[in-house]
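Chains W and B, in that order, are what the protein sequence lines are. According to our numbering, the first sequence holds residues 1 to 163 in order. According to our numbering, the second sequence holds residues 1 to 417 in order.
Please keep in mind that the hints were generated in silico from the structure rather than gathered at the bench. The beta carbon of each residue, even a glycine, is placed where N, CA and C say it ideally should be. It is possible that some hints are incorrect.
[Claimed, not checked] Here are the in silico distance ranges between beta carbons for each label pair:
no. : chain 1 : residue 1 : chain 2 : residue 2 : range
1   : B       : E262      : W       : P136      : 44 to 50 Å
2   : W       : M1        : B       : E21       : 37 to 43 Å
3   : W       : T120      : B       : P286      : 54 to 60 Å
4   : W       : I126      : B       : P286      : 46 to 52 Å
5   : B       : Q332      : W       : K143      : 38 to 44 Å
6   : W       : T120      : B       : E74       : 54 to 60 Å
7   : B       : K77       : W       : G129      : 54 to 60 Å
8   : B       : E262      : W       : E160      : 49 to 55 Å
9   : W       : L142      : B       : D26       : 20 to 26 Å
10  : W       : E139      : B       : P68       : 41 to 47 Å
11  : W       : G148      : B       : D81       : 42 to 48 Å
12  : W       : K28       : B       : E253      : 53 to 59 Å
So the chains spell out like this:
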Amino acid sequence: MGKVWKFGHNVNTDVIIPARYNITIDEKELAKNVFCEVKPDYAKTVNPGDVIVAGDNFGCGSSREHAPIAIKGSGAKCIIAKSYARIFFRNAINIGLPILECDVYDDVQEGDEFDVNLETGIIRNITNGKEFQAKPLPEFVLKIVNAGGIVNFLKSHNIEELQ
Amino acid sequence: MGTLVEEIFSRKLGRPVKAGEIVMVDVDYMMTHDNTSPLAIKAFRDIGKPIMDKDRVVIHFDHAYPAPNVLAAETQKKIVDFMKEQSIKNFYHQGICHQVMIEEGFVTPGKIIIGGDSHSNTYGAFGCFGVGFGSTEIGVAWISGKTWFRVPETIHIKLTGKNLPGSYAKDVMIYVAGKLGMDGATYKSVEFSGEYIDRLPMHERIIFPNMSTEIGAKCGLIAVDDTTIKFLENETKAEGPFEKIVPVNPRYEREIEINVDEIEPQVACHPDVDNARPLKDVEGLPIDEVFLGTCTNGRYEDIEIFADIIKGKKVSRFTRVLVNPASRNVLQKMIDKGLVKILQDAGVTIGVTGCGACIGRHAGLLAPGEKAFTTMNRNFVGRMGSAEAEIYLGSPAAAAATAIEGKITDPRKYMRA
Chain W
1 MGKVWKFGHN VNTDVIIPAR YNITIDEKEL AKNVFCEVKP DYAKTVNPGD
51 VIVAGDNFGC GSSREHAPIA IKGSGAKCII AKSYARIFFR NAINIGLPIL
101 ECDVYDDVQE GDEFDVNLET GIIRNITNGK EFQAKPLPEF VLKIVNAGGI
151 VNFLKSHNIE ELQ
Chain B
1 MGTLVEEIFS RKLGRPVKAG EIVMVDVDYM MTHDNTSPLA IKAFRDIGKP
51 IMDKDRVVIH FDHAYPAPNV LAAETQKKIV DFMKEQSIKN FYHQGICHQV
101 MIEEGFVTPG KIIIGGDSHS NTYGAFGCFG VGFGSTEIGV AWISGKTWFR
151 VPETIHIKLT GKNLPGSYAK DVMIYVAGKL GMDGATYKSV EFSGEYIDRL
201 PMHERIIFPN MSTEIGAKCG LIAVDDTTIK FLENETKAEG PFEKIVPVNP
251 RYEREIEINV DEIEPQVACH PDVDNARPLK DVEGLPIDEV FLGTCTNGRY
301 EDIEIFADII KGKKVSRFTR VLVNPASRNV LQKMIDKGLV KILQDAGVTI
351 GVTGCGACIG RHAGLLAPGE KAFTTMNRNF VGRMGSAEAE IYLGSPAAAA
401 ATAIEGKITD PRKYMRA
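Full structure from sequences and hints, please.
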């Protein structure tokens, strides 16, 4: 179980982590400034297992991988958004940050308690009792996720084995 | 047979490819810069296998170059050490990666280039599949030489008519972004065509694929014609022959026709690129910094338009006016053609070639409460420094008029009839 941090639509990569902090690739260092402009409390009080909820087009903007890495480094369990920008989606999968595509947006308040099963994609809002089913990931994407990211996948496989 | 993106993938794979297919293809070049190379190097080292073809690796220093602080300097030193160790030849520090990729001849029709920068879509102006990637996946491609794609469906934007005086490709693209929205083309290929595009020179065509990123597109493409080929032959180091890649009996997911005849100068207002309005709606808004440059509008012709307007005038007393040429070549041409003198006389600060203020790393950051008018491609909150600053996007001509008055100004006021 984790607490929900609710963001809006079109959360862009500059909002997730401004470029001036991208001078390191250390996930814990990056996590210190994640969402610093829009939710300064987040980095200070987020607990492992908390969940990020957002609307459409999460992660739009830059290709910077620092964005999903900063979120991963913060200890968040996963992101649940209505939709993702394409580079962010690929980046999150590649670094092993769980992301779910599901429209929970209108049925959640900041601070609600969520129970998320990453295996089944079943999301329960404990606070209001509502239950949701996330969209399943394509099979070859699941191969990357199950390996814990593309780097781990490549250690023991060839890229062709994704197909 | 098919849309431009289907044509590119079909030629690459030697069989007909349709939208929706997931394909594994060879990548011609893998591009990263000082911001995105470190994570690619990390992925490469973690996997522990050799680079498949070093000539396909291209690294630029442009985002924070020369280094504005010790950490950035350390990062760049590590990248240089890596390039020495791996004998990487394709290393550039002479301007914005996308401009240098074009000048140095990497960008040609039919190529597939993955770039560790979201504006790698820019290459689509040359019928080249350029696409933004995260660093880890680029490190993976250094080793595998390949990557996977879902071949995207295509939104066709047909542009007819011609610009009003004072309006440019930038104004048209801001208008398009306003119509489609920031996620209007997510995961899609956007094909730009029509008599308007046919007549445009390359430096104006580039704006459309470059800013297709701002509407979420996987790629933005323009068919190859004589204009493309002449530019590649005369303005770049690329070696032909070049394939004339055009759509063949394409089936589009969506078609949009826009007549540009009536598009007045536009401004993408704080805080989103799709917050597009006619410039007259925000005319008079006081501006603290005018910034001309970037991979969108930092080319010689952009600076020439700006210089034509500002020639013989002075920039407004309390407005910082910065011009960052997109590359060393652009700066050289500015020197040769006398533009440097015009800008210096007007009180413009000419900055280093590169990304500079556009990403809020160095050379022109904004203080809380300040407003910038710039030729950049995005105006996200906090992009240029303080999150309490505001960013307005427009054309080089509007930037020049705004620099003179210190407030958002219609460029037509300063243009010769």
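Self-check item: 53 to 59 Å as the expected CB spacing between E253 of chain B and K28 of chain W, which holds or is violated
Solution: Violated: the Cβ-Cβ distance is about 43 Å, outside 53 to 59 Å.
Self-check item: Range hint compliance [Cβ, E262 of chain B to P136 of chain W, 44 to 50 Å]
Solution: holds (46 Å)
Quiz prompt | Distance restraint hint 41 to 47 Å, applied to the beta-carbon atoms of E139 of chain W and P68 of chain B | solution = holds (45 Å)
Quiz item: So the hint says 37 to 43 Å: do the beta-carbon atoms of M1 of chain W and E21 of chain B match that?
Solution: Roughly 41 Å apart at Cβ, these two residues keep to the hinted range, so it holds.
Quiz item: Measuring from beta carbon to beta carbon, are G148 of chain W and D81 of chain B in 42 to 48 Å?
Solution: Violated: the Cβ-Cβ distance is about 28 Å, outside 42 to 48 Å.
Exercise. Could you see if the CB distance from Q332 of chain B to K143 of chain W stays within 38 to 44 Å?
Key: At roughly 49 Å between Cβ atoms, K143 of chain W and Q332 of chain B fall outside 38 to 44 Å, so the hint is violated.
Quiz item: Taking the beta carbons of I126 of chain W and P286 of chain B, is their distance inside 46 to 52 Å?
Solution: holds (50 Å)
Quiz prompt | Status of the given 49 to 55 Å range, CB of E160 of chain W versus CB of E262 of chain B | solution = holds (51 Å)
Exercise. Confirm or reject the claim that K77 of chain B and G129 of chain W have a C-beta distance inside 54 to 60 Å.
Key: holds (55 Å)
Self-check item: T120 of chain W paired with P286 of chain B, Cβ distance criterion 54 to 60 Å
Solution: holds (55 Å)
Exercise. Go ahead and decide if the range 20 to 26 Å is satisfied by the Cβ distance of L142 of chain W to D26 of chain B.
Key: Cβ of L142 of chain W to Cβ of D26 of chain B: about 25 Å, so the range 20 to 26 Å holds.
Quiz item: Quick one: are T120 of chain W and E74 of chain B within 54 to 60 Å, going by C-beta?
Solution: violated (44 Å)
Hint check: violations occur at hints 5, 6, 11 and 12; the rest are consistent with the structure.
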